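Number of protein chains: 2
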Amino acid sequence: MGALHEGHTALIRRARRLAGTKGRVVVSIFVNPKQFGPSEDFSRYPRPFSQDRDLCESEGVDLLFHPSVEEIYEENTSVTVTEKSLSSGLCGFSRPGHFDGVCTVVDILFNVIRPDIAVFGEKDWQQLAVIRRMVRDLKMQVKIQGHPTVREEDGLALSSRNRLLLPGERLMAPRIYQALQGAAMESEVVPAIGVIKRRLGRDLAAIPGAEIDYVEIVDEATLAPLKKISFGVRARALVSVHFGSVRLIDNLPMKFNG
Amino acid sequence: MGALHEGHTALIRRARRLAGTKGRVVVSIFVNPKQFGPSEDFSRYPRPFSQDRDLCESEGVDLLFHPSVEEIYEENTSVTVTEKSLSSGLCGFSRPGHFDGVCTVVDILFNVIRPDIAVFGEKDWQQLAVIRRMVRDLKMQVKIQGHPTVREEDGLALSSRNRLLLPGERLMAPRIYQALQGAAMESEVVPAIGVIKRRLGRDLAAIPGAEIDYVEIVDEATLAPLKKISFGVRARALVSVHFGSVRLIDNLPMKFNG
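If you're matching them up, the sequences are chains A and B in order. Letter by letter, the first sequence follows residues 1 to 258 of this note's numbering. Letter by letter, the second sequence follows residues 1001 to 1258 of this note's numbering.
It should be emphasised that the hints constitute simulated quantities derived from the structure, not laboratory data. Careful: at least some of the hints might be erroneous.
Straight line, CA to CA, 16 Å or less: simulated EDC-like cross-link-like pairs of lysine to aspartate or glutamate [unchecked claim]:
| # | chain 1 | residue 1 | chain 2 | residue 2 |
| --- | --- | --- | --- | --- |
| 1 | B | Lys1139 | A | Glu71 |
| 2 | A | Lys139 | B | Glu1070 |
| 3 | A | Lys84 | B | Asp1100 |
| 4 | A | Lys139 | B | Glu1075 |
Keep in mind the model is a prediction, meaning the values are calculated, not measured.
Turn these sequences into a full structure, and let the hints guide you.
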């Protein structure tokens, strides 16, 4: 979606390494209207294109794909790719239709570019899981490579939306990650999902100016909310918090199974 | 879906010609559970596999792709490709979910095989139009080639379901095509869609043992029912008729614009 930051730079560098000298690295920049709800921030989503282009050039990107909305969506488009299991909760609950928009545009981008490997950030964990599921179920010939979240020095997960925070909100925002870290540490010693989840909710609720959208501890692959710890199931805490109209998300693996 | 007949043979020969000596012809045989409704004939759909294989061999098919249901659909599959405009009427009205099943399986087959060209019969006109729309909207890199309906000497459109007709029904079934031909001929001289549609309905209703599912005259690309003749819009009559539980479909272009 553009408005590239160091998180995107890390994805580009990862792609550059994976592609080697013979492969080509393609970056798509497309603010996708179909993944914004009617009351969301499509029009005010940042679009600093010339900076983005300069970054891509300096990172050795071979092709910058920057289509218009009309190039991606045909007139009277009537086809949608829908994922109905992993998409319904978490961000999907407060953003109905969001992941249909994500799946549809990613499928279109894959069909146009036909990448061998596509790199996505783990910050948008639900998106990554939904895309993995789409690729699995539709048997797309592309390998999905997740890349760890890149953070500011104070721990805030990099996001193009961070620049929309007011100064006071920006000061408080790192406490989202601190709450996740606290939960992860406690999960090593307290093997009880309910306890960790309550602690996480309490720590997030204590951030001045923050309003919780959701706090969940889920199976990291299926995104099913976990009630108890099971052998072989990797638990991950996923949270969403609003500062005013700016919605931030973050996630971290829990350590129940060591 | 297998149960190959001369209509399929014509598609295979068309593919063989299009592929030339360097290209490869792949035939998929897969009776797709997701395109059958709960009360439909999935279990009794004919599956004469060894005959199908022999036919493919003798027609110079390079690869016969005959996967199991488990090979096509992952456990707990949750991703669907949906077309919502062309799919809702006609066969889609009496078969809810049918075209979601068609789009999803065709997308999977395309992702596995990655064909340059895919040949579909015009007998299933709505299916062909829906697939063209899916390919257009999702920007799939495949050319869709329609092939004219192949008919018995008495005019009945070839279909794997014809063999399920009782002898008396089989004798009456060619009157579907005769009704379409009558409508096409009259459309050359009577430029009134309502008149032609009523004539077609009357002729189909007069077939002993037949029950009409639908009779429509539509824009052949968008499948929108036509009220009046418009320059540049190609009109096509699409009909569906039951004999007992056997559902037959057929279609023919009308000649309003010469």
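Which earlier hints turn out false for this structure, listed by number in ascending order? Hint check: nothing fails, all pass.
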